[in-house]
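Fit chains A, C and E to the known structure of chain F by using the hints.
Chains as they are written, first to last, in the working numbering: chain F, 21 to 330; chain A, 21 to 330; chain C, 21 to 330; chain E, 21 to 330.
Hint data in this document are derived by calculation from the structure and do not stem from the laboratory.
Incorrect hints may have been included.
In this list, chains with the same sequence are indistinguishable; a pair is considered to hold if it fits within one copy or across any two.
With a straight-line cut-off of 25 Å between C-alpha atoms, the simulated SDA-like cross-links for lysine to any residue are [said to hold, decoys possible]: (1) K60 - E72; (2) K37 - E248; (3) K139 - G113; (4) K59 - E72; (5) K177 - T23; (6) K32 - E105; (7) K180 - R220; (8) K139 - E105; (9) K203 - P176; (10) K155 - L109; (11) K37 - H104; (12) K66 - R304; (13) K59 - H247.
Keep in mind that this is a model prediction, so the values were computed, not measured.
So the chains spell out like this:
Number of protein chains: 4
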Amino acid sequence: MATSRLTPDEVKALFSKLSNWGRWGKEDERGALNFINDKKRAAAGKLIQTGEVVSLALPLATAPGPDNPTPVTHLMTQVGHDAHEQQLLPYSGDYFAIAPHGLATTHIDALCHVFWEGKMYNGFDASEVGSHGAKKCAIDVTRDGVVSRGVLLDIPKIKKVEWLEPGDRIFPEDLDAAEKDHKVTVEEGDVLLIRTGRDRRRRTKGPWDAFREGLAGLDASCLPWLHERRIAVLGSDGASDVVPSGYTGISMPIHSCTLVMLGVHLIDNGDFEALATACARNGRYAFNFVMAPLILRHGTASPVNPLAVF
Amino acid sequence: MATSRLTPDEVKALFSKLSNWGRWGKEDERGALNFINDKKRAAAGKLIQTGEVVSLALPLATAPGPDNPTPVTHLMTQVGHDAHEQQLLPYSGDYFAIAPHGLATTHIDALCHVFWEGKMYNGFDASEVGSHGAKKCAIDVTRDGVVSRGVLLDIPKIKKVEWLEPGDRIFPEDLDAAEKDHKVTVEEGDVLLIRTGRDRRRRTKGPWDAFREGLAGLDASCLPWLHERRIAVLGSDGASDVVPSGYTGISMPIHSCTLVMLGVHLIDNGDFEALATACARNGRYAFNFVMAPLILRHGTASPVNPLAVF
Amino acid sequence: MATSRLTPDEVKALFSKLSNWGRWGKEDERGALNFINDKKRAAAGKLIQTGEVVSLALPLATAPGPDNPTPVTHLMTQVGHDAHEQQLLPYSGDYFAIAPHGLATTHIDALCHVFWEGKMYNGFDASEVGSHGAKKCAIDVTRDGVVSRGVLLDIPKIKKVEWLEPGDRIFPEDLDAAEKDHKVTVEEGDVLLIRTGRDRRRRTKGPWDAFREGLAGLDASCLPWLHERRIAVLGSDGASDVVPSGYTGISMPIHSCTLVMLGVHLIDNGDFEALATACARNGRYAFNFVMAPLILRHGTASPVNPLAVF
Amino acid sequence: MATSRLTPDEVKALFSKLSNWGRWGKEDERGALNFINDKKRAAAGKLIQTGEVVSLALPLATAPGPDNPTPVTHLMTQVGHDAHEQQLLPYSGDYFAIAPHGLATTHIDALCHVFWEGKMYNGFDASEVGSHGAKKCAIDVTRDGVVSRGVLLDIPKIKKVEWLEPGDRIFPEDLDAAEKDHKVTVEEGDVLLIRTGRDRRRRTKGPWDAFREGLAGLDASCLPWLHERRIAVLGSDGASDVVPSGYTGISMPIHSCTLVMLGVHLIDNGDFEALATACARNGRYAFNFVMAPLILRHGTASPVNPLAVF
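Isolated chain F (complex conformation):
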């Protein structure tokens, strides 16, 4: 695909131009989640028609690999053979440890996850995130879940490929083309999901190290588009950003701008293969979307298992 179109300075200018700081008050920590309200959720509920449900998450990745240098630790606290020691209530139990930000974990980034020039969303200082966690913009702003309309834009479908290759970049006209193809328009409060086909590629060709070998994703020139549509949340089966970004000095402009300037939470490393199939089969790319992050006070992320209901 084509290369980047902007200069790094133009990207940085976009960051300033697209700021939502102060839009919902100077103490606001929820950002674009404010685009979702009861009315939006009620309307999204109407999208439930067949009752079909699809998970948008990868299983928690407990095996090390090129895309998983720090796998989830999963250990047992008691196994079946020892359960009889608890005569009155024989049971098994387990334990897991996870650093949710990681290229093999489906997770939501809190707005405190990324900083730009020392600030997070709404101008809160980076120093608000200390060793006891985030005092501002932590993941528990999503304690009541994210329930809204979800929209999938399936880019490989419109490109007529099985998957985008690492480093392939998506431009605003691709988003427009997908909307047209899918007969859907992204609207205020939507959870926008971008499919690059990463999981299909992984299943076919094996996992790869995205930081070294690249990842398909959105070019920074999509930022105005995302801002204009007033999306509430952005998700991808990659990292939303194209890697490498192509902009010297700005590693992940989509991350930096959506989280910090727009106040848009991100879902990274979703698995949208089953969703793409379901959308195609149902003939619609909008659905009821539900995601319920764990309520981790002061946390910077949560592993999630988002659901689409048709």
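Relative to the frame of chain F, chains A, C and E by itself:
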């Protein structure tokens, strides 16, 4: 409240009588989740009317306490002050470790969590749960979430008390009375949620050690009721079981019978205070219920943040 | 026992007066470990005569309790029943997680563990300890172990009690009296170990919360004594400090002054019961001391199992 | 170097022939540690002459790599910037999690770590190691440390190479040749350390995956030699075993036979580079050896930092 009515032998006889083993085939690992189908989910979708959403979960409990001997570990991998070391993408990140079964964590028990006479649901042997996790009936049978109709039965409301006291037991006629009061009937495939008021008590009187001091919950005599209604999942703001059980040799008969014999997954330690308020305000005790456990292959549980949408 | 003798201002004045900052160069991170050299170790080797060896450590504490709010997590990665799955090399394995600073863990504090007025030993700034660990004065300065002469001062012995009570304070004249009784003189480079009898009390009366109920230890008036003797390391079966300290605004003056000003590493929560018995039986309170902290780069502590060889 | 000399059946026959089961009583869990007594330790103390001390351990390996698929987790509980929140005692603290058996961690294997035909040392059943740890032959049998004479056999030195290559095997005549070259004889109760030069190779050529690419070590034909010398502990800068073993059906015959049949604890993944230099400089290959495993009840291993004192 009253004491237990059955003998331990009568409870054990119930276990045999109420078995769903084989009901959905001898290889089935999903149990009563089979009561939920697309039609049920589509009908539950119709319950979304106002768009109001309520979380049914406690925050992850990171502080030790009488009800939390092994708190969630939450640590930072990078704080704001150090973020600048990542010049191209300054970020913060964290890590958490959790043993999900525990009296301060809202979690779902997989069917492999409890054994009766060396067996789990559908007759699978306890030895199927080894040091690499559960080979049968693991939590990832819920990978596509649990989406259905939820019904709250608010027992303190019908007892006209703020909360049930530790050790208070709930009988089938209480469930009937709550249905009548709430103008709702528990049906096939429902997620049945029982409020005891535990969280209101905790906020007022402080936490307590449920194993030593007791917990309000269902008497074993409710088991036939649960079976007849063909519920898919049972949840409580306690442990569903009354503690102590009152039955010598059977520590938690609701746990043992629902998980092992009925194949009913359990939600333990929910927080139903906001839900009770929402039900009362909306004048209905049935709602769209969505829960998306993490996809932990071979896991015995997942922390969850279940949602009710009105 | 008696109460504190100094004013808080007098204690703070001691901190300035007793400083070893710059004594071993302005880049030094080893502090009073510099008092130990080959000659000292060779001399300590001569103390090995009978070959008797004694551990000075508690077992790692995996059970929660009043003195252990965050116990060591110990879990199995593979148990015996599953070992046969590894046909060529059937094995078992495990995993543990530990926050070494804690009242139930025998550990060594690195010099970066405590700050006074924003500085650690030798004037390094507190900000040198970030989310990737300590860049200065980390525990790996002890990578080649601490091998020296050890001296036990058994305070309950000279007080003719089984143990000191929580809050009992030890004064310089007690140290002098113990030396006289034990026929030993603390010298340059020694590892000085102070027994309060805490473990005997714990075994007899059960564990207690030292922060609420107190701990026997050294009064701040011992600081000049510790400085004059040029000890290399200080250890105790408590926390070296008496708790509460008795000095408003200075919670643990021994910790603050030894770690920050003297550059003396501390061993907290040793178990000196077997050592006291061995010293009494051997008729000497000096012995070969060996401690080998784990080499945790950037770490603030290590759990340890110090040994005394007679 | 040469290939294996025995048949797999001959190796298995050695296992039976070299058994120490019952040698120290049928309840014994310490195995060849019984070869060390006060007299041995007293004699080893005489080896302390210059006072020079050398660590035999690698730093804990917190970075993932080809030889470290599950790195040590090291995280901060409090950093310097946040320390001021503790006004009375500003401090920093940390946390680490480790699975000690691993190719990048210097550790001691407990006798319960490996099984042969379903049994561990002294005939205890593999099932003694359950989800709550090892009931027999756990690592806490070393609670009073391992203090003895240490002997290094530096195989690259006698082969006149910088290091052995992965897969290179060491035969009994190599051990004899090293003894002769080093003017030392391995004796009852010694801790025998075998240098292959692995760390020098790693520093020069980078880390490698030993399971795929091999590791230099002892051929199974060394087992009678090890048995005859009545060593207490065996250690290596590799895994003692040559990898691959060259014996079909026996992955690590040195591990299996020493741990299970001889009752010899193993030190894996030591770093003997500094030790080799010190031995050469001091002109002697015997020294005072001290190792103090953490007292992890029911544990199968401990990370260690063994020390050699000259």
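- Index of numbered hints that the structure contradicts, given in increasing order: none
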